[in-house]
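Chemist: Once you've looked at the hints, dock chain B against the given chain A.
Top to bottom, those sequences are chains A and B. Numbering follows the numbering used here, in which position 71 of the first sequence is assigned residue number 71; successive positions increment by one, without gaps. Numbering follows the numbering used here, in which position 59 of the second sequence is assigned residue number 59; successive positions increment by one, without gaps.
Take the hints with a grain of salt, since some may be wrong.
[To be verified] Which chain B residues face chain A? A few, computed with CB under 10 Å, are given here:
| no. | residue |
| --- | --- |
| 1 | 90 |
| 2 | 92 |
| 3 | 102 |
[As the list claims (entries may be wrong)] Every beta carbon over 10 Å from chain B, so not counted as near; a handful from chain A, in silico:
| no. | residue |
| --- | --- |
| 4 | 13 |
| 5 | 73 |
| 6 | 80 |
| 7 | 103 |
To be clear, the hints were calculated from the coordinates, so they are not data collected in a lab. None of the values given here were measured: they were computed from a predicted structure. Even for Gly, the Cβ is constructed at its ideal location relative to N, Cα and C.
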Amino acid sequence: MRFSRESPSRSRDRPVVFTTSFIDVVFLLLIFFLVTATFQREEGRLSSALEAERASGGSGADLVPQIIDVRADDTGPVFQIGERTMRDRPALEALLRPLPKDPGVFVRVYGSAPVHAVASALQACRDAGFVRISYVPAE
Amino acid sequence: MVDVVLQLIIFFMYTSAFTQFVRAPIDLPEERGEGGEATADLVLDIDETGRWLVDGAAVTPARFGEIAQAEAASLGIGPDAFSVLIRADRNLSANHLNAAAESLDQLGVRRWRLGAVRPAGGSGAP
Chain A
1 MRFSRESPSR SRDRPVVFTT SFIDVVFLLL IFFLVTATFQ REEGRLSSAL
51 EAERASGGSG ADLVPQIIDV RADDTGPVFQ IGERTMRDRP ALEALLRPLP
101 KDPGVFVRVY GSAPVHAVAS ALQACRDAGF VRISYVPAE
Chain B
1 MVDVVLQLII FFMYTSAFTQ FVRAPIDLPE ERGEGGEATA DLVLDIDETG
51 RWLVDGAAVT PARFGEIAQA EAASLGIGPD AFSVLIRADR NLSANHLNAA
101 AESLDQLGVR RWRLGAVRPA GGSGAP
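This is chain A alone, in the form it adopts within the complex:
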């Protein structure tokens, strides 16, 4: 008595795929992608955007003089608010914290400044609690 669902002749005719070497191919592919992959720090997942609003000629309320000048000299980036001059972001942030936040702040960027100094100034404004940050290109 046979319990097989297929007859011996049918199972004999069915094509057989040998999968033994498949794992070798898969491992080779894995090694290839491991070697060629570039592990970059993803920007999107790192919450890495700083937003700036381009300043324009506006109402008188926009002219409240909370202006940070960002420039560079021989020794590196310089941040200036009025008469106060700072060279690092923590000092700039400490000076910005007590300022009123409602009028916003203008970041006036001179061409001599490096981009990382601009980013530092924008970050200091954010960390100090400013929401309205206007970017002003300067000559």
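Modeler: Relative to the frame of chain A, chain B by itself:
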């Protein structure tokens, strides 16, 4: 076992292709940022030589304006709602950033973002 390996292959295929096609390799400033994803309707890369790149291709400021207008039109939004992410080399002179800001202003784009990467340490404070 083979299932796990296949999953790993799919992961590496996906991540490697993503980083190559979407973002050009640029040495961005290291800052914590303001939260949220660094997504935008259009990404402008400015490399260490000051070249403007869109999707890896060098463009002139005029061409960039055309691309931005076409992109906004295809999305069906005005320049006020159009968002641009500027990814500029950290050591580049801000002259290039100012030029990009002026260009966006002429297009009517009021808001843009400056790309940065979170410092490897994690806190963000230099």
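Chemist: Now tell me, hint by hint, if it's right for this structure.
Modeler: Going through the hints against the structure:
Here the hint on residue 90 of chain B is kept, as its CB sits about 4 Å from the closest CB of chain A, short of 10 Å. Taken as an interface hint, residue 92 of chain B checks out: its beta carbon lies about 5 Å from the nearest beta carbon of chain A, inside 10 Å. For residue 102 of chain B, the interface hint holds, since its Cβ comes within 10 Å of a Cβ in chain A; the closest pair sits about 6 Å apart. Chain B leaves residue 13 of chain A outside its interface by the beta-carbon criterion, the shortest separation being 28 Å against a cut-off of 10 Å.
Once the 10 Å rule is applied to beta carbons, residue 73 of chain A is consistent with being away from chain B; the minimum gap is 14 Å. For residue 80 of chain A, the requirement that its beta carbon stay farther than 10 Å from each beta carbon of chain B is met, with the minimum near 15 Å. Residue placement check: residue 103 of chain A keeps its beta carbon more than 10 Å from all beta carbons of chain B (closest about 18 Å).
In this structure, none of the earlier numbered hints is contradicted; all agree with it.
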